[in-house]
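Asks: The chain contents come next:
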Amino acid sequence: MLHAAVVRSPHAHARVRALDLSRAREAPGVRAVLAPGDCDALDETAEFEGRAVVAVAAETFGQARAAAELVEVEWEELEPLLDPEEAVRRGSLVGEPRRYERGGYERGLAEADAVVEAEYRTQTLNHNPLETHQCVCEWRGDGLDVYISTQYIWGVRDDVAAAFGLPPDKVRVICEYMGGGFGAKNGAGGYVTLAAELARRSGRPVRLALTRREENVGGGNRNATIQRVTAAAKADGTLTALGGEFICSLGWGGWLASTAGPMQLLHACENVRTVEYGAKLNLPAMAAFRAPGFVEGTWALECLLDKLAAELGLDPLELRRRNYANVDTMDGRPYSAKELLECYRRAEPHWERRHEVRARSDATWKRGVGLASQIWYGGGGPPSYAWVRVGSDGRANVVTAMQDIGTGTRTAMAQIAAEELGIRLERVQVQVGDSSRGPFASISGGSSTLPSMGPAVRAAAADAARQILEIAEQRFEREDGTLSLRGGEIVSPDGTTWPLEEITGLLEDGQILGKGARGPNPAGMRVLTFGVQVAEVAVDVETGEVVVERIYAVHDVGRVINPLGARSQIEGGIIQAMGHTFSEARLDDPHRGTVLTKTLDAYKLPTIADVPEIVCELIDKPDAQLTNLGSKGLGEPPIIPTAAAIANAIRDATGADVTSLPITREEILAALREARERERVGAPSA
Amino acid sequence: MGALGNGTRGLAGGTDLVPLLRDGLVAADRLVDLRRVIPSGIDGTAIGAGTTLAELEADPQIPDALREACRLAASPQLRNMGTIGGNLLQATRCWYWRLNYPCRLHGGDVCHAREGQHREHAIFANDYCASAHPSDVAAALLALDATVETTRAAGPLAGLYRLPDDHDRNLVDLGADELITRIHYERPEQSVYLKAMDRKRWAFALVGVAAARYDDGVRLGLAGVAPIPWRLASLDDLEQATPLPGTAYKLELARALGRRAIAAVGG
Numbered sequence: 017m018l019h020a021a022v023v024r025s026p027h028a029h030a031r032v033r034a035l036d037l038s039r040a041r042e043a044p045g046v047r048a049v050l051a052p053g054d055c056d057a058l059d060e061t062a063e064f065e066g067r068a069v070v071a072v073a074a075e076t077f078g079q080a081r082a083a084a085e086l087v088e089v090e091w092e093e094l095e096p097l098l099d100p101e102e103a104v105r106r107g108s109l110v111g112e113p114r115r116y117e118r119g120g121y122e123r124g125l126a127e128a129d130a131v132v133e134a135e136y137r138t139q140t141l142n143h144n145p146l147e148t149h150q151c152v153c154e155w156r157g158d159g160l161d162v163y164i165s166t167q168y169i170w171g172v173r174d175d176v177a178a179a180f181g182l183p184p185d186k187v188r189v190i191c192e193y194m195g196g197g198f199g200a201k202n203g204a205g206g207y208v209t210l211a212a213e214l215a216r217r218s219g220r221p222v223r224l225a226l227t228r229r230e231e232n233v234g235g236g237n238r239n240a241t242i243q244r245v246t247a248a249a250k251a252d253g254t255l256t257a258l259g260g261e262f263i264c265s266l267g268w269g270g271w272l273a274s275t276a277g278p279m280q281l282l283h284a285c286e287n288v289r290t291v292e293y294g295a296k297l298n299l300p301a302m303a304a305f306r307a308p309g310f311v312e313g314t315w316a317l318e319c320l321l322d323k324l325a326a327e328l329g330l331d332p333l334e335l336r337r338r339n340y341a342n343v344d345t346m347d348g349r350p351y352s353a354k355e356l357l358e359c360y361r362r363a364e365p366h367w368e369r370r371h372e373v374r375a376r377s378d379a380t381w382k383r384g385v386g387l388a389s390q391i392w393y394g395g396g397g398p399p400s401y402a403w404v405r406v407g408s409d410g411r412a413n414v415v416t417a418m419q420d421i422g423t424g425t426r427t428a429m430a431q432i433a434a435e436e437l438g439i440r441l442e443r444v445q446v447q448v449g450d451s452s453r454g455p456f457a458s459i460s461g462g463s464s465t466l467p468s469m470g471p472a473v474r475a476a477a478a479d480a481a482r483q484i485l486e487i488a489e490q491r492f493e494r495e496d497g498t499l500s501l502r503g504g505e506i507v508s509p510d511g512t513t514w515p516l517e518e519i520t521g522l523l524e525d526g527q528i529l530g531k532g533a534r535g536p537n538p539a540g541m542r543v544l545t546f547g548v549q550v551a552e553v554a555v556d557v558e559t560g561e562v563v564v565e566r567i568y569a570v571h572d573v574g575r576v577i578n579p580l581g582a583r584s585q586i587e588g589g590i591i592q593a594m595g596h597t598f599s600e601a602r603l604d605d606p607h608r609g610t611v612l613t614k615t616l617d618a619y620k621l622p623t624i625a626d627v628p629e630i631v632c633e634l635i636d637k638p639d640a641q642l643t644n645l646g647s648k649g650l651g652e653p654p655i656i657p658t659a660a661a662i663a664n665a666i667r668d669a670t671g672a673d674v675t676s677l678p679i680t681r682e683e684i685l686a687a688l689r690e691a692r693e694r695e696r697v698g699a700p701s702a
Numbered sequence: 078m079g080a081l082g083n084g085t086r087g088l089a090g091g092t093d094l095v096p097l098l099r100d101g102l103v104a105a106d107r108l109v110d111l112r113r114v115i116p117s118g119i120d121g122t123a124i125g126a127g128t129t130l131a132e133l134e135a136d137p138q139i140p141d142a143l144r145e146a147c148r149l150a151a152s153p154q155l156r157n158m159g160t161i162g163g164n165l166l167q168a169t170r171c172w173y174w175r176l177n178y179p180c181r182l183h184g185g186d187v188c189h190a191r192e193g194q195h196r197e198h199a200i201f202a203n204d205y206c207a208s209a210h211p212s213d214v215a216a217a218l219l220a221l222d223a224t225v226e227t228t229r230a231a232g233p234l235a236g237l238y239r240l241p242d243d244h245d246r247n248l249v250d251l252g253a254d255e256l257i258t259r260i261h262y263e264r265p266e267q268s269v270y271l272k273a274m275d276r277k278r279w280a281f282a283l284v285g286v287a288a289a290r291y292d293d294g295v296r297l298g299l300a301g302v303a304p305i306p307w308r309l310a311s312l313d314d315l316e317q318a319t320p321l322p323g324t325a326y327k328l329e330l331a332r333a334l335g336r337r338a339i340a341a342v343g344g
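Note that the protein sequences, when read in sequence, are chains E and G.
According to this note's numbering, the first sequence is numbered sequentially starting from 17.
According to this note's numbering, the second sequence is numbered sequentially starting from 78.
Same shape as in the complex, but just chain E (with noise of 0.2 Å):
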């Protein structure tokens, strides 16, 4: 095998001048080199930091990077653009901005009897998973196997086939485990083109493994936003209107996530206008990162809600339960199910928390708790395909080509199989992440394994378990659909059981072959999880240290499958939002565009000593109207109210109004400060 490097800009707006590949071809252990005009991954142009330029396989990935070193590049700098809010007055937008809106916006705003405004910020995000973008590409005759760290192993098919011309089924994509997406890997991406026409050339497998710092720029990330937000309400608290301007920093391509999402969907309000911007700038570009758009706009939102709690003298659980949303906020959809007033009701005890964590405040620490919504899709969707093999043994074998990205959906697979034939977990095999060993299979986004993936498993296992009963019923001279299997064995109504291989173990070398599809989402019906968390904080005035003292999450997601990593979902997504609020941010020379924090120690994740006391809780109850499984996905939900529920725990602290990720310790100074000097002058806090 050999491996690969790769020559990347330096600059953030550059052309190459003249490109010497002498040295580099001829430095030990080279075998292909390729530059620009050689495949469509590498360009003379960079209109971003870390641009691949020239690309380089060799023996060993020492020999690679040594060759990778000796390419000469001479540059011509450009003028970057890296200043959002110019791009949007310049045009420089990725896509068309995106205008929303319903009822009368600005009859919504005279009718009110309080208005408040603010401006939020969030920070530039990288994902940073533990396993680095990584593949390695080998032809096998005209066909080419591609082993990937991928949440999406048909994308990267069809991605490469496009690449190469290929006929899909002649890439065969391969990820048995992965390290790490969070949703920087739902695609191939240029790095796989690289690899594999580096493989083609020297007729060699090759292996292109992103180093650490490559990663943190080109990796893909959470873009950065601007967020100018109005609530408005009646002195009961009912929203008059809702409206905002939403900045995107999304770098030289992605897409616009949905940053207005939250406030057009969480809360009841008839008059809702917004307008989203994806600024183009001379920046690495942005990728899907957990609840993409969801994460930053809920901040904003919940933010600006326990503002306007403030300023009319309400309880800001109370103002989340009087708008209260029965039916969709968009189009007057029914929900297919929501439990989130169940959830408040939950959260209830852990909001009165309150009084006595207030009461533990002393002259330096003070103490306050503050909760925060959470609306997101997760309801997956069709096409997914999986098959049920059941052998003489009375095993069974869940066969379907998606992956688990670390989620434990191998598990959650075994588990619904189980059920559905009636045998233990231990008797169920699952076998994943080949494209030629499967049906086709879900995107592991938008937190849509579970609820695309399980009924498609469950309907495979069931068909499977019907042509059991089939022939037990015609063996033991039974009624059709009279006989049931549980416990790992064939149950009659009378009381009557038979060993389950009493009937596999007539098929010898046969076997029993369940299909099942993922059918479709309930028409006319909005499919969304629903959540609330509620943090409690200690704040050191004197220094703005914070300490998150407790985090209590509840989410109704439908139907939980596996307890145990459902909550170790919670638990990460709120230890990745820890990290989001306090301590990681992507810094850029402010001049150059280029990015400082490359490694693990400028960019910084949240740690083990950072975690709160976490208590969790799921609502539980299947969504009758969604599949035979009634399960939605919990990937992103706890991830997207934790920011929020932490700034306004800091608020009830201290009166301090934190409006920028992540929550540095200037940005809680600079509140501080600004809350005595209000405090001073006598202003209303809000």
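Because the hints were derived from the structure by calculation, they are not lab data.
Please note that a few of the clues may not be correct.
Stated by the list, open to error - Not everything, but these chain G residues come out facing chain E in the computed CB check (under 7 Å):
hint: 1; residue: Trp172
hint: 2; residue: Gly193
hint: 3; residue: Gln194
hint: 4; residue: Arg276
hint: 5; residue: Trp279
hint: 6; residue: Pro322
hint: 7; residue: Tyr326
hint: 8; residue: Leu330
For glycine and all other residues, C-beta sits at the position ideal for the given N, C-alpha and C.
Following the hints, position chain G against chain E.
Replies: Just chain G now, with coordinates in the frame of chain E:
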């Protein structure tokens, strides 16, 4: 010692040197393992330069300021490897320097941080180079009135460091073939180290303040506020700070931590 210099570097814990070598910031043809050469261990108020931070952190006879500075530094893995001598000599965390921008410390004629991203940078002596010294241990040892013994000489810890200028861009006054062998500190009545970080653990100090009380008063040492470990005669000296727009908050932090540290040692 003659082996050092001329492309040969001494390696102790390697927690800073190895990343620097990997990133091409330090070049070496050969590495000499110093672990059996450098004195190690604690003997009264003398500390062998090869003593790891983990050993110092665990030893109850070490003053609180130094133990706490060790405990709050890096991660357990790094503290198990990193030595006190190496810690005093660690390079700046300035991202421009680490990414090899042609800054003044690299021989260039500009400090990129001053006009760029500098929230983690210096509030004192930051005119020429705004980098901030990362050593918690050095701040504690400044407060503990430490002296440093090398293979050539002995002198106050403060004398180990120098501010860079056009003639000499080094932050440390140590020959290429000179090694720190021992550190001696003065046992205080009481001492403490307080550190503000971006996260609870495993981060360099935004500001670190060490205070140690002696018969003649309280001594203060600061990390993260100047290109070298910074000694303050009193908190009043914070008025002399020259923060950049993005580091004004560090002054507020230094004041708060300084007051607290002095109170903690009964000063």
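Asks: Which numbered hints turn out to be false for this structure?
Replies: 6
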